[in-house]
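Student: I would like the entire structure built from these sequences, with the hints used as guidance.
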Amino acid sequence: MLYSEKVLEHFANPKNVGELEDANGVGEVGNAKCGDIMRMYLSIDGDVIKDVKFKTFGCGAAIATSSIATEMIIGKTVEDALKLTNRAVVEALDGLPPSKIHCSVLAEQAIKAALSDYYKRQGIDPAPIVGGAGGCDDCGECDVCNAH
Amino acid sequence: MLYSEKVLEHFANPKNVGELEDANGVGEVGNAKCGDIMRMYLSIDGDVIKDVKFKTFGCGAAIATSSIATEMIIGKTVEDALKLTNRAVVEALDGLPPSKIHCSVLAEQAIKAALSDYYKRQGIDPAPIVGGAGGCDDCGECDVCNAH
Amino acid sequence: MERFVYADNAATTKVSDRVLAAMTPFLQQNYGNPSSIYSIGRESKKTIEEAREKVSVALGASPAEIYFTSGGSEADNWAIKGAAATQAKKGKKHIITTNFEHHAVLHTCEKLARDGFEITYLPINDEGYITAEQVREAIRPDTALVTIMYANNEIGTIQPIKEIGKVCREAKVWFHTDAVQAVGHVEINVQDQNIDMLSLSGHKIHAPKGVGALYIKKGIVLQNLIDGGGQERGKRAGTENIASIVGLGQAISDCTQDIETKIKHVSAMRDRLIENALKIPQVRLNGGLQNRLCGNANLSFTAVEGEALLLLLDMNGICGSSGSACTSGSLDPSHVLLALGLPHETAHGSLRLSINEETSDEDIDYIIKTLPPVIERLRAMSPLWDK
Amino acid sequence: MERFVYADNAATTKVSDRVLAAMTPFLQQNYGNPSSIYSIGRESKKTIEEAREKVSVALGASPAEIYFTSGGSEADNWAIKGAAATQAKKGKKHIITTNFEHHAVLHTCEKLARDGFEITYLPINDEGYITAEQVREAIRPDTALVTIMYANNEIGTIQPIKEIGKVCREAKVWFHTDAVQAVGHVEINVQDQNIDMLSLSGHKIHAPKGVGALYIKKGIVLQNLIDGGGQERGKRAGTENIASIVGLGQAISDCTQDIETKIKHVSAMRDRLIENALKIPQVRLNGGLQNRLCGNANLSFTAVEGEALLLLLDMNGICGSSGSACTSGSLDPSHVLLALGLPHETAHGSLRLSINEETSDEDIDYIIKTLPPVIERLRAMSPLWDK
Ligand SMILES: Cc1ncc(COP(=O)(O)O)c(C=O)c1O
Ligand SMILES: Cc1ncc(COP(=O)(O)O)c(C=O)c1O
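Here the protein sequences come in this chain order: Y, H, F and V. Residue numbering for the first sequence follows our numbering, beginning at 1 and increasing consecutively. Residue numbering for the second sequence follows our numbering, beginning at 1 and increasing consecutively. Residue numbering for the third sequence follows our numbering, beginning at 1 and increasing consecutively. Residue numbering for the fourth sequence follows our numbering, beginning at 1 and increasing consecutively.
Okay, derived cross-link-like pairs now, PhoX-like style, lysine-lysine, Cα gap no bigger than 20 Å in a straight line: (1) K45/F to K14/V; (2) K235/F to K111/V; (3) K89/V to K111/F; (4) K90/V to K172/V; (5) K90/V to K111/F; (6) K14/F to K45/V; (7) K111/F to K235/V; (8) K89/F to K111/F; (9) K90/F to K111/V; (10) K217/V to K172/V; (11) K166/V to K218/V; (12) K162/V to K218/V; (13) K46/F to K6/H; (14) K369/F to K279/F; (15) K111/V to K89/F; (16) K89/F to K235/F; (17) K89/V to K111/V; (18) K76/H to K15/H; (19) K92/F to K172/F; (20) K89/V to K235/V; (21) K172/V to K218/V; (22) K50/H to K15/H; (23) K14/F to K46/V; (24) K50/H to K83/H; (25) K93/V to K111/V; (26) K217/F to K166/F; (27) K46/F to K14/V; (28) K46/V to K6/Y; (29) K45/V to K235/V; (30) K262/F to K14/F; (31) K15/Y to K50/Y.
Residues of chain F clear of chain Y, computed beta-carbon distances all greater than 10 Å: (32) E50; (33) K90; (34) E137; (35) E163; (36) M269; (37) K369.
It should be emphasised that the hints constitute simulated quantities derived from the structure, not laboratory data. These numbers come from a predicted model, not from an experiment. All C-beta atoms, glycine included, are put in the ideal place defined by N, C-alpha and C.
Tutor: Structure (structure tokens):
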């Protein structure tokens, strides 16, 4: 398990840890069985993500991806946030070990789940905008780990 | 393959190497397939073994057992020589590695074969005195090595 | 970093100075092949036999019953696959083991299951123990082998080996034990304890990695795992790893000497560590405290994931582990903790601290001081903690 | 003793200073378990990957195709038994090998024969070579594997590996080669030479005993020999023998560097040795001179037994061997010499001298001077000489 300096940095000093009282979009993905749970709190004003916080139960990579993902969308428009891919998260961290790629997927999905929640609260069907459920089930990693 | 000091000594400076022109008992045991051939020359006067020489093709232990066995019977009576066991040879050498015990058997048999030859030359049937043929076939070692 | 505390001796240990000193000549000057006939080869051979003698003494076995291997995994594979092959010829294709063995045993059994063997996995109780009674009930006429670990690598529980061995002897079933974690930490006597085969590994007792041994009781015939040259009396081919074998001999002598005193000393440190760690809220000790390796503490903290915990401890100078070392790179929760009956989220979050005689009281103090804030910090990040 | 000449490098070599220097830190300070997550474990892991890279470069393979083992014997066993198990599932139970392989291959094939495999043993010619044509003719639709050694350990003959590999590729049959004697002494490129699996061993190239590697071409799936933890990408369990792996990496880099120059230099010494030895009456060189390991001389002397010869040479400071090291403790004549067609008494009496780049011209002079009187002395004792 070789983490990049960047991952270790974000793990040691994660940005935006916590909850947002005034969040208008909250999403949680993962499950304890898989060993990772990520919860994202978004505070969106107009089209812009004003604030983000996260809470994560998971490995070092899960915490680091949560941290960097929040940094990558803070101050961005919802549209831009929707474009955030797990690949971009991995790149921003200077790479992740193969077995930890799923953490970056979780980060992407956690943001999408929070955005879905935001749309729902606005009375808008998120499906056409955000896409699939964004849940853990899509990742397939659990099957991998259980089949191991 | 751990040889005792005694074995190494007899190997490095074997006693009674050679042939006896005036031998009146000559015996050879072993075969090249087995990797050991021992030939003993006895010069017997009355009941006493006056001189012994040997020629051996074989491993260090074969040479050392030949050497010590000649020493053990020189000047002895034929009767005493017949009592020489392979065990006594092994003991005199401070032991032999298990896989080399057959060399001591060969030494015993070579002496017996030479004594048989001596009796035959005297017109005496050696069988009741010396026992079995004293040939290589009795040792069984070759079966062991070929079955390996 | 205030301090560096290595508390992962169950994963691997440092080669001791005494062991290194014993090995060094065989890495360079005395390089003869032990099977060679000339003097430097003969010396190597003699040295190997001395090491074999030392191992046998430590186990209460005879030297002819000790075979050197490349480690614990090879010893386990050889014992189990070798016994299975021998016994299958007699129509015996049933193996009894437990659900908390090391992967070297578990995966080997799974392999045999694919080859048509039937495996009974005895469940441990919630304290981490198997009983001899369970073994007795599981034995069948076609049982080829019972393989049960001496002491568990994660939770440190020591099994009733002597009693299990007795049950096997009575039923005339071969009994193998993976004692990789037990050797040097528990008093072992294969004769008294009715053990037919026993695996051990050097790197858990200050010898180098890549060397181990299998004790095979006289009279038991295993199929070879590694065929070839006549080394190890024709039972384990390969030019002998002399330097490491010498190291293993030295190490096993050292670690079994005065073992009672050592156990007392290390247990006391372990007890103080556990006692203080248990003051943290929502923590549990995994595995019973009674029959437990003197250096093992295994703790779970609600809502804290194991890998993150290890990483943060490492950043504070403490080396511990989560699950066994050889799986901590994977995504799996610990099969041992699942076997104990823990839910998945807890099985992901255990911390194993394994200390030994080199650990100091100050080291324990430092762990006791560092652990609570580290746990608190991770819990502050955890979505499970405020639930 | 006037001089000490080690001329048994085919049996084992001395660990070089460079290798020892590379290993030392991993015997003590850097003792972390490579599977562990904390920093000292992570460093061990990285070091292993660097060593893997070095081995792959030396063979023209990619690092993902290199697996570390406990030596050449384990590599051979794994390749052959592992391939046999995989192929048997497809109904392929025929193996092609030769009659002059190392025991690690021969005894493994014999084991498989007992398990129902059919083995074709291709005969070498009287110079010690196999042809690709022989392999082509022996291949059948149910052929699971061809395993032919790269260079023979006793007589040093180098086989036409590239051509044999080509025949196997064309027939879509897996090709394994035991290159334990070839690595570091011959230029190897597994891609150019159509090799699917290749075994090597550290102690033949100045790395320590007890470490080796198996190259497995991408796409080839072997059953594991040692199951357990996830080391070596789940294919070879057991805590990694880090120090020795590092040593192997260093050694293989060193011995494959500037290999052409080395081969030229050593061959010249060998040729001078052989030329002079052949002046002794009734002597023969075993194995052809053309494609021969640069350091190998194998000689038979009529009426002289091998062990006695070695012992007497040892007393004169010269370490050589008779047959392969791992059988020289036994009573058997060399199966390699029998395969060459020599009669038993000659097969008992061969002398292998294996020199390398550390051998000096003075060493060669000394051997040339010492050999004749030693032979003469043993012949004087031999009942076969005057016949
Ligand atoms: C050709 C050949 N194959 C295999 C081996 C076995 O290697 P190891 O001793 O490392 O197991 C040897 C040497 O002993 C050898 O020369
Ligand atoms: C209980 C147990 N069995 C087997 C092994 C495997 O030993 P090795 O790493 O020497 O192969 C280990 C440790 O890794 C262990 O703890």
